[in-house]
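Residue numbers (our numbering), protein chains in the order written: chain A, 549 to 814; chain B, 549 to 814.
Watch out, some of these pointers could steer you wrong.
Which copy is meant is left open, because identical chains are indistinguishable; a pair holds if it fits in one copy or across any two.
The calculated DSBU-like cross-link candidates involving lysine-lysine, where the alpha carbons are at most 30 Å apart (straight line), are [as the list claims (entries may be wrong)]:
#: 1; residue 1: K588; residue 2: K741
#: 2; residue 1: K661; residue 2: K599
#: 3; residue 1: K662; residue 2: K599
#: 4; residue 1: K766; residue 2: K741
#: 5; residue 1: K599; residue 2: K660
#: 6; residue 1: K722; residue 2: K661
#: 7; residue 1: K587; residue 2: K607
#: 8; residue 1: K785; residue 2: K796
For the record, the hints were derived by calculation from the structure and aren't laboratory data.
None of these values were measured; they are calculated from a predicted model.
2 protein chains.
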Amino acid sequence: VGKRAWAHGKACRHSSRHSGPRHWLCHIVRVFPPGGRGKKVLIVYAHQEPKSFNGSLKKVAVEELSKQGCTVTVSDLYSMNFEPRATRNDITGAPSNPDVFSYGIETHEAYKKKALTSDIFEEQRKVQEADLVIFQFPLYWFSVPAILKGWMDRVLCRGFAFDIPGFYDSGFLKGKLALLSLTTGGTAEMYTKDGVSGDFRYFLWPLQHGTLHFCGFKVLAPQISFGLDVSSEEERKVMLASWAQRLKSIWKEEPIHCTPPWYFQE
Amino acid sequence: VGKRAWAHGKACRHSSRHSGPRHWLCHIVRVFPPGGRGKKVLIVYAHQEPKSFNGSLKKVAVEELSKQGCTVTVSDLYSMNFEPRATRNDITGAPSNPDVFSYGIETHEAYKKKALTSDIFEEQRKVQEADLVIFQFPLYWFSVPAILKGWMDRVLCRGFAFDIPGFYDSGFLKGKLALLSLTTGGTAEMYTKDGVSGDFRYFLWPLQHGTLHFCGFKVLAPQISFGLDVSSEEERKVMLASWAQRLKSIWKEEPIHCTPPWYFQE
Chain A
549 VGKRAWAHGK ACRHSSRHSG PRHWLCHIVR VFPPGGRGKK VLIVYAHQEP
599 KSFNGSLKKV AVEELSKQGC TVTVSDLYSM NFEPRATRND ITGAPSNPDV
649 FSYGIETHEA YKKKALTSDI FEEQRKVQEA DLVIFQFPLY WFSVPAILKG
699 WMDRVLCRGF AFDIPGFYDS GFLKGKLALL SLTTGGTAEM YTKDGVSGDF
749 RYFLWPLQHG TLHFCGFKVL APQISFGLDV SSEEERKVML ASWAQRLKSI
799 WKEEPIHCTP PWYFQE
Chain B
549 VGKRAWAHGK ACRHSSRHSG PRHWLCHIVR VFPPGGRGKK VLIVYAHQEP
599 KSFNGSLKKV AVEELSKQGC TVTVSDLYSM NFEPRATRND ITGAPSNPDV
649 FSYGIETHEA YKKKALTSDI FEEQRKVQEA DLVIFQFPLY WFSVPAILKG
699 WMDRVLCRGF AFDIPGFYDS GFLKGKLALL SLTTGGTAEM YTKDGVSGDF
749 RYFLWPLQHG TLHFCGFKVL APQISFGLDV SSEEERKVML ASWAQRLKSI
799 WKEEPIHCTP PWYFQE
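Generate the whole structure from the sequences, applying the supplied hints.
Rendered as structure tokens:
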């Protein structure tokens with residue numbers, strides 16, 4: 549079945565059983581296609597091991613979204629050996645100031661002249677085409693792994709993702725959705741207001757507000773799979789299933805209100 | 549002068565002017581040496597350009613701390629081309645589980661067997677020797693640049709910086725001080741509770757609490773040089789001078805109380 553189920557042209561998928569007029573269910577599907585049909589999703593995935601739980605979460609998302617009729621692209625950062633360092637290698641040709649190198653100024657200029665290095669350009673193309681960007685990663689030090697931080701540092705450059713002015717609600721990626729799907733070693737109890745690690749919303753602030761919202765993304769609620777250090781096989785299955793279940797109606801979700809009260813006052 | 553000023557053995561530094569008994573000032577210095585004498589400082593520095601303002605802040609710190617008699621070591625991450633990616637290349641020899649690679653498990657095992665790659669080991673040695681670690685960096689996406697995130701991901705591994713249990717106040721780097729010295733493009737007004745980017749303390753949470761405090765560091769107040777995108781040459785000089793001035797009495801400072809109230813309620 550997969551995405552082809554919703555992409556039927558002349559014949560409906562029940563045609564082998566119904567040689568007469570088109571089946572009533574298929575008419576309904578044509579009038580009310582499932583939310584994902586025609587949507588484009590980019591999954592930016594940062595785990596070293598395909599057999600990991602992060603790998604499974606990524607796989608489940610690809611399968612479920614494809615089944616809905618979405619076009620799914622995965623940037624598998626470790627297998628791409630993605631470059632995380634922001635250096636002058638990111639611009640081709642001569643710098644605008646050969647004496648003093650400013651990464652922000654030079655990449656802004658290079659973006660305008662189409663002189664960014666090709667790996668950055670390729671990721672920007674994927675983001676530009678996407679309706680939804682899902683970030684799948686294990687929490688490292690209350691944040692993304694460095695390889696994914698490097699994706700943010702290098703891909704979301706001025707000119708492409710924002711300008712000054714032209715940020716937060718006016719960020720250039722407005723109209724797109726973003727979602728963080730992450731795993732933690734520590735338990736959900738540790739990530740509560742009175743837990744040792746504080747409310748999980750605290751560590752989401754730099755990522756969801758400072759990065760994604762800054763670029764104009766509407767942010768969907770995070771998907772957090774807590775406590776992997778102590779979870780049983782059964783608990784992991786439940787977490788995987790709940791992710792798959794959520795994705796079935798992901799296109800109907802309302803974004804969070806990505807401002808301080810969501811993080812610090814609720 | 550520099551650090552040798554305070555390291556005088558037989559003769560005091562005024563000996564060329566005083567051939568008689570030791571000068572009174574030198575006696576005082578012997579009884580009350582300045583705080584930095586004999587202290588070791590590691591500066592983890594993440595900027596591409598020596599002529600940058602970050603470069604100047606780093607230079608000022610090296611000079612002032614050396615003058616006090618500290619031994620100062622700098623890890624200049626870009627010039628080292630420091631590896632930010634957390635991969636199986638970080639362990640030498642056979643992994644403990646050849647079928648499924650877990651970075652956390654494998655590096656913990658490798659630490660115990662002294663089988664981590666040499667660049668990680670070398671940074672751990674510098675941290676182990678330091679009384680104070682200063683991180684000097686420009687804020688990228690409300691956080692550290694990826695190259696510095698990679699330093700945190702790879703150097704502060706389980707077994708070296710913490711264990712479970714053995715974190716926060718019991719973290720293995722307890723007894724050491726840490727300080728974030730960072731620059732922002734945005735102004736101080738933007739980083740207030742009612743500003744577009746929220747209180748600057750919000751973005752410090754993952755770094756100061758989630759990372760440094762987790763490893764046991766006592767955290768000194770951050771040094772934030774705001775508004776570099778709009779600052780005049782004169783304003784930059786003032787910021788540099790205030791950093792140098794602060795460092796003169798850095799060893800007398802009390803650490804912040806690194807828990808949620810400092811970040812979210814004051």
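Report the numbers of all earlier hints that the structure fails to satisfy, in ascending order. 1
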